[in-house]
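Q: Letter by letter, the chains look like this.
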Amino acid sequence: MSRFDHKPRLESTRHDIVIVGGGGAGLSAAIAIAEQHPQLSIALVSKVVPMRSHTVAAEGGAAGVVSASDGLDLHFRDTVVGGEWLCDQAAVDYFVARCHEEMVRLEHWGCPWSRGEDGYPAVRNFGGMSTARTWFAADKTGFHILHTLFQTSLRFPRIQRFDEYFVHDLLVDDGCCRGVVAIDIASGDFHALQAGAVIMATGGAGRVYRQNTNAGILTGDGLGLALRHGVALRDMEFVQFHPTTLPGSGVLITEGCRGEGAYLTNRHGHRYLQDYGLGPEVREPVPKTMELGPRDRLSQAFWHEQQAGRTVDTPNGPAVQLELMHLGRRKIAERLPFISELAKTFVGVDPACAPIPVCPSVHYTMGGIATDITTATALPGLYACGECASVGIHGANRLGSNSLAELLVFGREAGLQAAGFAADQARQGTAAALAAQARESAARAAQWLARPAGGLRLAELREQMTTAMQDGVGIYRDAERMASTCESLENLSQLLDSISLDDRSRCFNTEWLSAIELGFTLDVARCIAHAALNRRESRGSHQRLDGYNQRDDDQFLRHSLATLAPGQPPQIHYRAVNITRLPPGERRYGGGSATEHKP
Amino acid sequence: MKAHYQRPMGRWYLRPFYLFVYTLRELTAVFVLLYALILLSGLAALAAGPEAWASYRQALAHPLSIGLHGLILVAALYNSITWFMVAPKAMPALFIGTRPLPGLLITLAHIVVFVIVSVALLVLAGAG
Amino acid sequence: MSNQNKPRSHEPIVWLLFAAGGMIAAMLMPALVVITGIGAPVGLIADGSLDHERVIGMLGSPAGKLLVFPLISLLFWHAMHRIFHGLHDLGIQAGLGYYRVLCYGFALLATLLTAGILFLI
Amino acid sequence: MSDGSGQIDILISRYDPERDDQPHTERFTVPYQHDSSVLDALLYIKDRIDGSLSFRWSCRMAICGSCGKMINGVPRLSCKTFLRDYAPGPLHIEALHHFPVIKDLVVEQAGFLDKLPEARPWLIREQEQALADGPHRQSPRQRARFASTSACINCLLCYAACPQYGMKPDFAGPALLALVERYNADSRDQGRAERMPLINAEDGVWSCTLVGNCSAVCPKGVDPAAAINRNKLESAKDYFLRFLKIGSGGAE
Numbered sequence: 001m002s003r004f005d006h007k008p009r010l011e012s013t014r015h016d017i018v019i020v021g022g023g024g025a026g027l028s029a030a031i032a033i034a035e036q037h038p039q040l041s042i043a044l045v046s047k048v049v050p051m052r053s054h055t056v057a058a059e060g061g062a063a064g065v066v067s068a069s070d071g072l073d074l075h076f077r078d079t080v081v082g083g084e085w086l087c088d089q090a091a092v093d094y095f096v097a098r099c100h101e102e103m104v105r106l107e108h109w110g111c112p113w114s115r116g117e118d119g120y121p122a123v124r125n126f127g128g129m130s131t132a133r134t135w136f137a138a139d140k141t142g143f144h145i146l147h148t149l150f151q152t153s154l155r156f157p158r159i160q161r162f163d164e165y166f167v168h169d170l171l172v173d174d175g176c177c178r179g180v181v182a183i184d185i186a187s188g189d190f191h192a193l194q195a196g197a198v199i200m201a202t203g204g205a206g207r208v209y210r211q212n213t214n215a216g217i218l219t220g221d222g223l224g225l226a227l228r229h230g231v232a233l234r235d236m237e238f239v240q241f242h243p244t245t246l247p248g249s250g251v252l253i254t255e256g257c258r259g260e261g262a263y264l265t266n267r268h269g270h271r272y273l274q275d276y277g278l279g280p281e282v283r284e285p286v287p288k289t290m291e292l293g294p295r296d297r298l299s300q301a302f303w304h305e306q307q308a309g310r311t312v313d314t315p316n317g318p319a320v321q322l323e324l325m326h327l328g329r330r331k332i333a334e335r336l337p338f339i340s341e342l343a344k345t346f347v348g349v350d351p352a353c354a355p356i357p358v359c360p361s362v363h364y365t366m367g368g369i370a371t372d373i374t375t376a377t378a379l380p381g382l383y384a385c386g387e388c389a390s391v392g393i394h395g396a397n398r399l400g401s402n403s404l405a406e407l408l409v410f411g412r413e414a415g416l417q418a419a420g421f422a423a424d425q426a427r428q429g430t431a432a433a434l435a436a437q438a439r440e441s442a443a444r445a446a447q448w449l450a451r452p453a454g455g456l457r458l459a460e461l462r463e464q465m466t467t468a469m470q471d472g473v474g475i476y477r478d479a480e481r482m483a484s485t486c487e488s489l490e491n492l493s494q495l496l497d498s499i500s501l502d503d504r505s506r507c508f509n510t511e512w513l514s515a516i517e518l519g520f521t522l523d524v525a526r527c528i529a530h531a532a533l534n535r536r537e538s539r540g541s542h543q544r545l546d547g548y549n550q551r552d553d554d555q556f557l558r559h560s561l562a563t564l565a566p567g568q569p570p571q572i573h574y575r576a577v578n579i580t581r582l583p584p585g586e587r588r589y590g591g592g593s594a595t596e597h598k599p
Numbered sequence: 001m002k003a004h005y006q007r008p009m010g011r012w013y014l015r016p017f018y019l020f021v022y023t024l025r026e027l028t029a030v031f032v033l034l035y036a037l038i039l040l041s042g043l044a045a046l047a048a049g050p051e052a053w054a055s056y057r058q059a060l061a062h063p064l065s066i067g068l069h070g071l072i073l074v075a076a077l078y079n080s081i082t083w084f085m086v087a088p089k090a091m092p093a094l095f096i097g098t099r100p101l102p103g104l105l106i107t108l109a110h111i112v113v114f115v116i117v118s119v120a121l122l123v124l125a126g127a128g
Numbered sequence: 001m002s003n004q005n006k007p008r009s010h011e012p013i014v015w016l017l018f019a020a021g022g023m024i025a026a027m028l029m030p031a032l033v034v035i036t037g038i039g040a041p042v043g044l045i046a047d048g049s050l051d052h053e054r055v056i057g058m059l060g061s062p063a064g065k066l067l068v069f070p071l072i073s074l075l076f077w078h079a080m081h082r083i084f085h086g087l088h089d090l091g092i093q094a095g096l097g098y099y100r101v102l103c104y105g106f107a108l109l110a111t112l113l114t115a116g117i118l119f120l121i
Numbered sequence: 001m002s003d004g005s006g007q008i009d010i011l012i013s014r015y016d017p018e019r020d021d022q023p024h025t026e027r028f029t030v031p032y033q034h035d036s037s038v039l040d041a042l043l044y045i046k047d048r049i050d051g052s053l054s055f056r057w058s059c060r061m062a063i064c065g066s067c068g069k070m071i072n073g074v075p076r077l078s079c080k081t082f083l084r085d086y087a088p089g090p091l092h093i094e095a096l097h098h099f100p101v102i103k104d105l106v107v108e109q110a111g112f113l114d115k116l117p118e119a120r121p122w123l124i125r126e127q128e129q130a131l132a133d134g135p136h137r138q139s140p141r142q143r144a145r146f147a148s149t150s151a152c153i154n155c156l157l158c159y160a161a162c163p164q165y166g167m168k169p170d171f172a173g174p175a176l177l178a179l180v181e182r183y184n185a186d187s188r189d190q191g192r193a194e195r196m197p198l199i200n201a202e203d204g205v206w207s208c209t210l211v212g213n214c215s216a217v218c219p220k221g222v223d224p225a226a227a228i229n230r231n232k233l234e235s236a237k238d239y240f241l242r243f244l245k246i247g248s249g250g251a252e
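Residue numbers (our numbering), protein chains in the order written: chain C, 1 to 599; chain B, 1 to 128; chain U, 1 to 121; chain E, 1 to 252.
Derived list of chain B stretches under chain U, where covered just means 3 residues or more per stretch with a C-beta under 8 Å from a C-beta of chain U:
#	region
1	27-35
2	46-53
3	72-83
4	107-117
These are computed hints drawn from the structure, not numbers from a lab.
All C-beta atoms, glycine included, are put in the ideal place defined by N, C-alpha and C.
Whole structure, please, built from the sequences with the hints as guidance.
A: As structure tokens, this is what we get:
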């Protein structure tokens, strides 16, 4: 029947550093190492060709203090207040101090930042930021950042790419992370990459929800890998709902629209955000006011409007209206061309003529692999950066444009830290043990292809998972529904072994990869649901309706840490937040009343 | 291990239609060549003397020749239009401020010049 | 990796001739075809203007030669360049170098012939 | 054009290198809504009918460049192509033309990826500016010069549209040459001379016969045909004027 033998091959190579993930964070790390340590060999392993990574879809911009009237302290405050004090303040200080430099570095590498008439890169307003400090390249900032990084990385022959290699396990020996095992997707063969250090830069896990802005690749692989090797996931209950996405598909309509002055109105044409403590109603954009409020507040306001029946009905569910008409065709064409294209393509709306129907969708995983300020995880030799990491700057709610800056600042940091670690490591003695581990792991992954037919369909399980998450761990949460979601997820993870695949071949078997991904995604989902159930307060993006409607600093001004042992539900622990200089206070937006709207 | 399938090119120049459109454009070269040969032989006849020139003119007046020139004219017109359509892609980019000059405008400018030149030539010949 | 050792193509020589011929073909040829191939033979052109003597006087003048030489020779270059590439488009791989010499050789020959005849007039 | 919903027949070109010598066509029937894309149909088939169907996809919003397919013979992004426009069908989906097929709708992209470094697609400066000196200055007008070429998402539709690439895989191709132009047209860049050898090569701009199809299928308005053909003039200038530039350092 077959023209080829089915025996899985296992190739093995050695590198100084293995980077998993070819998005903004992974590429930043790779370039930093190649520049600073040209003698080190770097393997950049990615399940998609790097320029397909989801950094490409970021639209609005990247934060970096630039103007004389702005200051690092202001950026620090915006971030910590925006994250409702659940931020590691030392990390935030480190972060804000390096954003500008990273933006300039990108500029030197050719990033086509939008410019002012004076020839300097322009900045725009963004939600929750007290002044304009968001650098942008029209509304395709992530696209331009990713392509600039990818193309710049081509300068360095020391960066060896493993495009379309799917990492399914870490190699750990002697308590240190020593490499990864991957599937060469095109051939289905296995490849062990041994290394002195591993950097995880695999992005978020938005695919745990049904309606999200995320690419299909964002299945939380890196988080799942770390979790299985005993590394805790931090603050996973904090999942960002982006307030302006297309109903149904969840396609992102950038916050940059509101930065440029767009309005959000309900079915009566009323700018409803003024009813949720974000007023007064202003015509021109005013920082931290109305549409320039933070994402958690805006998504929550939508929920209330929906409860009150003031949303617009679309074939794909309720929506509010994002109005850009008053900006004029010229400005839309110059600043928001991509949004214009997306609205026309996906909902048939020309934003210069009619409002875009929008609703909140899951957008960003604010928690992640717990790291310290140097991006080191609890597992020596394993570093994490970008969305898959929780270095501690986002807290309970990330401000828009902080994540693109984060992947540059901490991507670079991860690269340099990992390089230092790898250079210190003795390389001898472990190769045999690692090879055995790789063989064992490869055999386990290959078992998927040998399972009997007639089992569950993969997609069925995945749909049940995303539905459970959407229902139980949404914008507003209560104990009953969260508990039910936790239970469903535990059941689903038991059923994982009952899946059978239609595709038993090795060559580009994406069903096989999806099955392994689903294992990771389910573990991440379980951590999110359990961490949410255990946080008995409301803070940032985690809002409860069941009596825990208020922030509770006494009990919960603490990071959650989720760990997973085989056959058991996730364990949730808590750890103190590093508060250096800004004590907890009231989180205030808009110029009006500070009282928060609570149901 | 990997056995990739390489699709043969086949007769891509006939199908799909948009590639046939390109093929027709390239095919006009045959008619340009024919016309160039006709002109060259005319020049030769001219050099050879009045008799040769007269028989050349006689040959041109043959209905077959007129028919052929009709075909050449159709091909030439097609060549002109396609040439003007790709002209914006072959010349340096022009901008008005930050906006690129629309290619259609450049094509139209070429067509305007073409019409003026053609009319001028025809009038000159008619009057000559 | 490096692009520095890529051999330079000599295509610019023939491409420039092709492009110049193309512009002449596009701008002038339809009107010329009407005049020389249809109008003149059916007698639409003023009587006597196509007499041997008059035409020689026109084309044989230095200005006439300066117009006629590029007109005819560049049409050849334009046509032969496209015909050569057309052979490649038809999938002809073998002997393409031979056809290249043949096509452009023909255009060169026609050019020399045109020059020679104009020299004689 | 039907605006509603219904069912549509989809013919998919399947190829399994472990079994097949050449592709064969399979028919699937899928339901569609007014906003269902071709990608939605492929995902529906994979999830509910045949999990062995392989294809690339990721962002679903026409920016990652993964999901290009031949749709009724035309290269298109499947996330940005809607079933309603093809009702009542049948709709024929194949792997992108001109690339070797790995499996089903998945093609080998090395023909583009391996050539990328030849374009020198990074900012080249005679003297690199220090970070402390801040960003280069660039006016909005200067930025506009490379705005369209910098919009390329490397989806490779232009390669699938280019018969010259199909006949000659060594041809640098539309996206790569557009990338060369993107950096050459950037006011901050000083690396034109380093990129000229690729432009000047037989496999550079000179393999293009201006079919123009690359620009017609580009989902991002890049116009690679213009980027290439403008550089024919540059290459021709370079060819003849290099003799005048001896000692000026203009040519390599």
